[in-house]
Amino acid sequence: MSRCLSDDALTRVQVQLATDAERAHLASCAACTRRSRRARHELALITGVLRDTPEPRPRPAVLRRRWMPAAFGLSAAAVALLLWVEVAVWRAVTPVPPTMQPQEVAAILADVSASLFSVTGNPAVSGTPIEIDDSRLTLDAMAHEVDSTLTGGEP
Amino acid sequence: MEPSRSPDTLVTAHYGRLRRLCRLLLGDLQEAEDVVQDVFLKAHEAARFGQPPVDWGAWLTRVAVNACHDRRRAGGWMRFRFWSTQVDDAPLAAEMVGPADLALGAETRRHIWEAFRALPRRQQEVFALRYVEERSTAEVAAVLGLSAGSVKRHLYRAIRHLRRALGDAT
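Protein chains in written order, with numbering that gives the first Met the number 0: chain L, 0 to 154; chain Z, 0 to 169.
By construction, these hints were calculated from the structure, which means they are not laboratory data.
Errors might be hidden in some of the hints.
FRET-style restraints, in silico, Cβ to Cβ [as the list claims (entries may be wrong)]: (1) Z/Leu40 x L/Arg65: 37 to 47 Å; (2) Z/Glu32 x L/Leu82: 50 to 60 Å; (3) Z/Glu106 x L/Phe71: 20 to 30 Å; (4) Z/Val53 x L/Ala70: 36 to 46 Å.
Predicted model only: the values in this text are computed from it and were never measured.
The beta-carbon is built from N, C-alpha and C at its ideal position, and this holds for glycine as well.
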């Protein structure tokens with residue numbers, strides 16, 4: 000006795016694609032006959048569902064509900080991560096330029112002034128220390144200094 | 000077979016069957032009704048101005064399948080359909096009660112429908128005509144313009160897929 004038919008072979012029998020040997024086995028095997036009857040019953044069920052029942056509505060809304068909380072959570076996490084990078088990491092690794100001291104500002108201004116308004120056409124003698132009067136290191140004093148330099152001391 | 004039938008008789012005899020077939024192929028009742036109306040318009044024109052077919056049933060089926068084919072190929076509306084499913088699409092309670100409903104649970108039915116929709120278009124057409132419409136293999140082949148062997152191979156693949164879906168669901 001040959002081996003029993005597979006499910007695919009039973010399907011081939013149903014659609015008349017089976018070989019003579021498969022058909023002969025089915026005719027002689029009670030177990031395969033039962034399985035074939037069950038397969039026909041399943042096919043009838045499938046056909047009945049497709050013929051007699053309305054197609055279920057698609058489930059995009061359900062799917063959307065399922066992944067929307069995850070999407071919101073991921074978005075919130077991404078925003079929090081960006082904020083943390085900006086506040087904690089980025090500022091920690093970025094060097095902050097040191098604030099200039101008033102003496103340095105005054106020295107730079109004096110250099111610029113000497114270069115711009117040199118009588119001889121040469122910049123001020125380098126290496127000559129500039130006398131800095133600390134009492135004149137306010138912004139108003141510096142502005143007054145620049146004005147008087149520009150106007151030649153006239154009011 | 001029925002060349003002298005009046006349009007009203009044709010509609011009475013074939014409207015429900017064609018609507019069911021088109022709904023199966025298109026997955027949308029509104030679209031199916033539009034297609035069936037177009038089919039009967041063509042039938043009216045054929046009866047009035049052309050050569051009336053010998054077998055109206057086969058002719059109507061062929062035109063309906065081709066019209067569904069064209070609609071599906073046009074695309075677009077299918078995506079719209081999935082985003083516009085409204086309360087109107089919900090089946091009436093009276094429509095839902097049937098022998099198949101009693102035998103199978105809702106989830107199993109959903110599995111079967113999803114498996115059917117996952118089939119290639121040609122396999123859907125072959126299966127619908129052969130088993131839902133209960134046409135012979137030769138008739139299916141004639142309607143779809145395929146050989147009988149090709150119809151059987153499509154049927155084999157479709158049944159195998161659907162039975163596996165049913166087995167997974169139960």
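Now the hints, each set against the structure:
1. Between leucine 40 of chain Z and arginine 65 of chain L the beta carbon distance is about 44 Å. The supplied range of 37 to 47 Å therefore holds.
2. Against the hinted window of 50 to 60 Å, the Cβ-Cβ separation of glutamate 32 of chain Z and leucine 82 of chain L comes to about 55 Å, which satisfies the hint.
3. Between glutamate 106 of chain Z and phenylalanine 71 of chain L the CB atoms are about 29 Å apart, so this pair conforms to the stated range of 20 to 30 Å.
4. The hinted range of 36 to 46 Å is not satisfied by valine 53 of chain Z and alanine 70 of chain L, whose Cβ atoms lie roughly 59 Å apart.
Checked against the numbered hints given earlier, the structure breaks only hint 4 and satisfies all the rest.
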